[in-house]
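4 protein chains.
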Amino acid sequence: MKVLKFGGTSLGSPENIKKVIAIVAKKSQNDQLIIVVSAFSGVTNQLQECSRLAEKGDENYKAQLDELINRHLEAVQDLLGAKAQSGLMAKVRLVLNEIEDILKGVFLIQELSNKTLDKVIGSGEVLSAFIVNEFFLQEGMKSNLINPLEFILTDSEFGKANVDMALTEEKIKPYFQNQKADVLVCPGFVSKDLYGNSTTLGRGGSDYTAALIAAALDAPELEIWTDVSGMMTANPKYVKQAFAIPQIDYEEAMELTHFGAKVLYPPSVHPVYKKGIPIYIKNTFEPDAEGTKIHEFPEPDSQSIKGISCIENIALFNLSGSSMVGIPYFSHRLFEALAQAKVSVILITQASSEHSICVAIDLEDVEKAKFAIEKAFSLEFKEEMLNPLYVETDLAIVALVSSQMKNQIGLSGKMFSVLGQNGINIKAIAQGSSEKNISAVIDKKQVKKALNTLHESFFLSDLK
Amino acid sequence: MKVLKFGGTSLGSPENIKKVIAIVAKKSQNDQLIIVVSAFSGVTNQLQECSRLAEKGDENYKAQLDELINRHLEAVQDLLGAKAQSGLMAKVRLVLNEIEDILKGVFLIQELSNKTLDKVIGSGEVLSAFIVNEFFLQEGMKSNLINPLEFILTDSEFGKANVDMALTEEKIKPYFQNQKADVLVCPGFVSKDLYGNSTTLGRGGSDYTAALIAAALDAPELEIWTDVSGMMTANPKYVKQAFAIPQIDYEEAMELTHFGAKVLYPPSVHPVYKKGIPIYIKNTFEPDAEGTKIHEFPEPDSQSIKGISCIENIALFNLSGSSMVGIPYFSHRLFEALAQAKVSVILITQASSEHSICVAIDLEDVEKAKFAIEKAFSLEFKEEMLNPLYVETDLAIVALVSSQMKNQIGLSGKMFSVLGQNGINIKAIAQGSSEKNISAVIDKKQVKKALNTLHESFFLSDLK
Amino acid sequence: MKVLKFGGTSLGSPENIKKVIAIVAKKSQNDQLIIVVSAFSGVTNQLQECSRLAEKGDENYKAQLDELINRHLEAVQDLLGAKAQSGLMAKVRLVLNEIEDILKGVFLIQELSNKTLDKVIGSGEVLSAFIVNEFFLQEGMKSNLINPLEFILTDSEFGKANVDMALTEEKIKPYFQNQKADVLVCPGFVSKDLYGNSTTLGRGGSDYTAALIAAALDAPELEIWTDVSGMMTANPKYVKQAFAIPQIDYEEAMELTHFGAKVLYPPSVHPVYKKGIPIYIKNTFEPDAEGTKIHEFPEPDSQSIKGISCIENIALFNLSGSSMVGIPYFSHRLFEALAQAKVSVILITQASSEHSICVAIDLEDVEKAKFAIEKAFSLEFKEEMLNPLYVETDLAIVALVSSQMKNQIGLSGKMFSVLGQNGINIKAIAQGSSEKNISAVIDKKQVKKALNTLHESFFLSDLK
Amino acid sequence: MKVLKFGGTSLGSPENIKKVIAIVAKKSQNDQLIIVVSAFSGVTNQLQECSRLAEKGDENYKAQLDELINRHLEAVQDLLGAKAQSGLMAKVRLVLNEIEDILKGVFLIQELSNKTLDKVIGSGEVLSAFIVNEFFLQEGMKSNLINPLEFILTDSEFGKANVDMALTEEKIKPYFQNQKADVLVCPGFVSKDLYGNSTTLGRGGSDYTAALIAAALDAPELEIWTDVSGMMTANPKYVKQAFAIPQIDYEEAMELTHFGAKVLYPPSVHPVYKKGIPIYIKNTFEPDAEGTKIHEFPEPDSQSIKGISCIENIALFNLSGSSMVGIPYFSHRLFEALAQAKVSVILITQASSEHSICVAIDLEDVEKAKFAIEKAFSLEFKEEMLNPLYVETDLAIVALVSSQMKNQIGLSGKMFSVLGQNGINIKAIAQGSSEKNISAVIDKKQVKKALNTLHESFFLSDLK
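Protein chains in written order, with the working numbering: chain A, 1 to 464; chain B, 1 to 464; chain C, 1 to 464; chain D, 1 to 464.
It is worth saying that the hints were derived from the structure and are not from the lab.
From a predicted model like this one, the values you see are computed outputs, not experimental measurements.
Because identical chains share one entry, a pair is satisfied inside a single copy or across any pair of copies.
In silico lysine-lysine, BS3-like type, Cα no more than 25 Å apart, as pairs:
| # | residue 1 | residue 2 |
| --- | --- | --- |
| 1 | 444 | 406 |
| 2 | 375 | 342 |
| 3 | 342 | 160 |
| 4 | 368 | 342 |
| 5 | 368 | 56 |
From just these sequences and the hints, can you work out the full model?
Given below as structure tokens:
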């Protein structure tokens, strides 16, 4: 039994779906397959945009929604014969009508909760699974649709719910024991909370769905089929010379995904890592390319680092004051305030003894964080025990990733000297003793230059 | 009116004291002088050692104490005529007898509190002030002894008390208005808490005494007379080419002192900084050398950095766990635990999103910190939500200091590449956006090499 | 200038509104009047019910809404001549249409945020102000409608927003300077956050609107017109012998309102208390009855207590464990968890040394509180350091209120002995040294008996 | 095997010790006995006083110490024949000389740490065990001295150390397996920390020593021999009619001991409670009196309560403020501050919704608590968001204890009405739902009256 996940671009058009079927057909000769599908390429974003338009009271949401509806209906027509169409069409219509109603409601109250948004954006995967399954059937496979709401259970953090691991694992095993079809098609991304509400697993969550199933069933491997031939040494959008990493260990993979590599959703690594199940990143459009194998003991190679990651849209907060030492529990009140405001801290650095502390967060969280900090220390700001909060936006983090960092002298030297020689200003640096990366905060404008510079130094020069 | 502080080596021998008198005699022609004195060179350490021996029940404390007593009695004989001697001798004896009694008590109960230790180690300054003042009188100056216990008031944190700024300032002004002598000799380092107990201001606290007086009296300048000709670009013990920094701003001076420069006690900068009073670091043995001037707007020079500092005896704590994210209030509980255990955090770095955090502390605090962290997260360790605490000792921090850091591209590159080229392994790095330093944690064994390497790159190459 | 607030029952029917006009007409001869109005009697509840029905997807919301619409339209017809009607009708329709649209949206997405609910339930006051003002005009008064959204500014805690006192006071003064009409009609309850969203001030918030205006304008008095002749010695629903309290001080009034007296919304006392402005509680249906005067120094009377208050629908949490002492920061973690869950603590009692703690909260908060406590101490429950959380529901608090409690020996004795003699079981007791009440937690079923028993003992017996 | 503990008064004089031997001789016919002894009556206090005098530099400590020395030497002479004396005398002298040295040390440095105090005050038990054991031997019993420092292991909280339960249990079993003598004499109260320092278990700690041994060895019972014939219904010092309680359950016993009953040290109950081992409280001077049996299911009796306890020397803190609600995390910051200052909270009561909170603590902790609270809320006090801290001293707590409280209607009524009728002013009341007591804070001066009043109502009237 194997678990394969196909991403949005792999399902971007009827043609692409045909490529998927070729891959699946071949593999299903030897194993029962569980096929986890994303929404068609771009659909989740479109659903989100429609929702946002409706929230703003903008009537254009209807036009956008119509476009999206047509796209699915056309896919049905393209892929399926008339007979198969009619049954499917009814099911697809049902889903689409529900979305229409919800969006009308959003439009009327001009408000959009994460709970409602989850209902809307989760439908992309449901639609794609309907269509793909029907297509498999038409092509003669013994395919069956399965419903992840029956086994992926989460808390009620709408927008990005946390999976109840124990319960989910317990539900998956008996569920799949009863599934005898050769191919099982499962919508990714969607889940259910303990009160029966729809939730979603975060953007990229289809990977997570696949990983949860693979781990619970002790699958021999997990395949993530996407539109690039593996996890890349750097973002190929910026770095033309970026190439696929043949092998990488789980922790490096987590670092790379955390710091921006989009091919794999970070939480997906954890469940399979625990079971030692290897992950293959494969390219639907070049199925014969080797891709990337993520496993515990990759063979050593000649590269000093595994990859260069990057998070754009970062803000830096700097909190300082000559009498910070005198503020009782300064650090813990700071992190308490941020935790309560649900602001995720990406990087912390404090280099002088409790005179200033520097925290990098996602640009989206700036207002929340500012509000939380100013509230938590309102009296201290008033008494001028703290300097006014200093916030810098339009920044990015670039980071070298390797689990062999500790043993390599000169890595940071090389990193910062090439950045310096290329005129890239470093705003903040963090590297900890057991960490798998060295991170630098730079201007967002210089990201492309920085990534190319680093890639050239750390990869191409090695290759020469 | 001027405030001059003379350090221990300036008072290391009768000869040296004669050099002090020459400086004082010359300056006192124009101004009333307040002369703050440290204990004779090495005396504070000897008092501390005697105390520690007595605490361990080691009878050798007596021999050491006798040596120390003799040294003071000999200084009296060397410096003073027979007539002056007898009166002074009685006073000196009184102080010494009290120390003898206390140490006997410590010997008997084999316990030494910070409170008792403060009583013992503060006597060095009292003795030196007695002797210096008597010598000034014999040399014909109108000198008078003043008592800092009447105006330097602190809390009861024995060992390193915190000055009650408002109260101290309020007491200093009227006290000095009544002092009409040309030269006022004041023991540094010692103070009193609000219950009348002796306290001390921390090692190097004589500087602080002088700074508090200078600030409260709005003195035009503060002179710190020591045995080097200024604040050095690096620790001359390790770096032969280190040279005195002509001018430096307050914040840079604070960074350098915080990170190891011993010529000035860090808290001393703050009170004079607030008043804009310049500090001169001068050399008793080369009174004509220019020394270092610390003030608000130093003239620009050709150097990219001001100095290289270093803290030896550092330990790194690494706390990590794949489910750290799931531990409510992780960061704030960590810093709460450390704050309660009175562990000062020197450097923090966290480079991956809440999977691990790395904290540098003083080696002395390792046990306390370990205990505090293990207690605070005992259940999480038990449930294996956190990996076992990873502690690395025998480390040091080296840091480049400059308040112009932000505008210089390539500084970190140069720093880390020269360190790398010289085989120095970097354990952790921290640099924040508004900080005045870039800090690297390295092996303690490599400190000398690191400092020389950096000094050569950042200073000598500039000079060529 | 005077501020008068008329409650919902005073505006319950066209007839009643005519009574209001008589009162207003008389008073407006001497002063400019600011008339703050609630929604028509029952309207806020109906709006809330409609909203809840729509949220549940229950189509009956429409019928209920129609009823409510008709009621307003009928009031317009009853009160106003044909001419006045048409203009007003258009305005009323506008408001009603907006509610219809919003409720349809709620129905479609089956979700109701506090933000949306605030928009809906605030319209009751807007409608009643429209109608009352128009009626005043028709009756020949120089009346003008004013808009509280221009001066009552709050944070964004929808459902019960917190007023930004400084900003609100600053806005009120110039706003009213420009209002020259004899009578100014202002909808109560509604406000605006700093982003322009509608907020509401909590059930009963019209009192608060009136108090804020009175305080900001330094009005000589604030009159609260309701359907009882003052603040009562006990809830007359339960206690037939309850009578109006002639005079009472601010703190007693706050206690009584906090503990259930519905005639005045608790937060309303604070702003006028600070300014020393007296509050009169008056009865629209017996305008000549004396009512209650709340002011700083009420004349002494023969009663030992001022009133008996009661909060129904209370739950008690009991957290205990023989090793609670061993749980670091037990109490502060408990209250932190409750604070974060936004659970308001009504009563705390801990009588044995840290073996158990007992907390009374509103019945509505039970689930939230339980979840928060179980999460905060999950590991401690798992390790059986704490006993399972013990929750008792269907309870009530009865309390004696007096600011002269301290000087009266035997008050608690009398209270608990009459309760005991009447078979009322006491679950928990709390009385603090500077508190103005003695509180007992009892079974909800015994509330009526308890109140009558206490009232008889403390009031009637005194009167005999 | 049985565990018997004899208290100080049982060992108050040579005559009394002879009574002890009679009891022991009789019981040792059937069982191996473990005899845990306190210091001779008054000795621990005298040792403490000597220490305090020495700390103050008062030479009278010597005279007091001599008296104490003589008392022990005289006991040796009285009890033992010349032959036995000489060997014992040498051992006793050794202990006494060590105390003399330590106190001289304390005198010289005028400082007394809890660590040093523990060394001094623990010697009382060591001396008494030496003498008692020798006397047993002389009387022909097969007696042996055992050393609790080898098995009672604690943390390093000098003055009142916390036992490491797991380690202590693990050490006790093998230690006693090797002890074959008929009677084993063990000094109570003293223990050792993990670094080998002497610690003590808190005043009354000999009970705890006995309980730990009984529990670890699964003894069939634990006998506490003291100078009263059981746990009394109230403190007989105040209440002449107080009588011994025949049977009581563990939880009631804990409540009574917590709230002042001196016959049993509160922590002693816990280890035997867990094992279900009954405790007998017996009177050395009336060995045939029944005493009190503490066990799980006492037979029901006609009394409504079990006893009346009392804690004298209580202080009440009242923290209030009209905007307490506006102070983020008010309650949890309060309890955090108290926990950090190591202030134990005896009673909490909060009766109005977050406007004031009332906390009872030990009078000794007032300064610490005040300092901690004022520091934690310094800015809030400055901004007048909180009223100045209100502290009331010279108070006491009286409490009714019963584990059947829940089922008895009218208990609180009776309690408070008799208090009221007797002119006793109630400052604060606390009773929680699952608590075993109702507590009232009253004036310390009225304690005797209150106790007698309550005792008469709850006990004598029942007896009539």
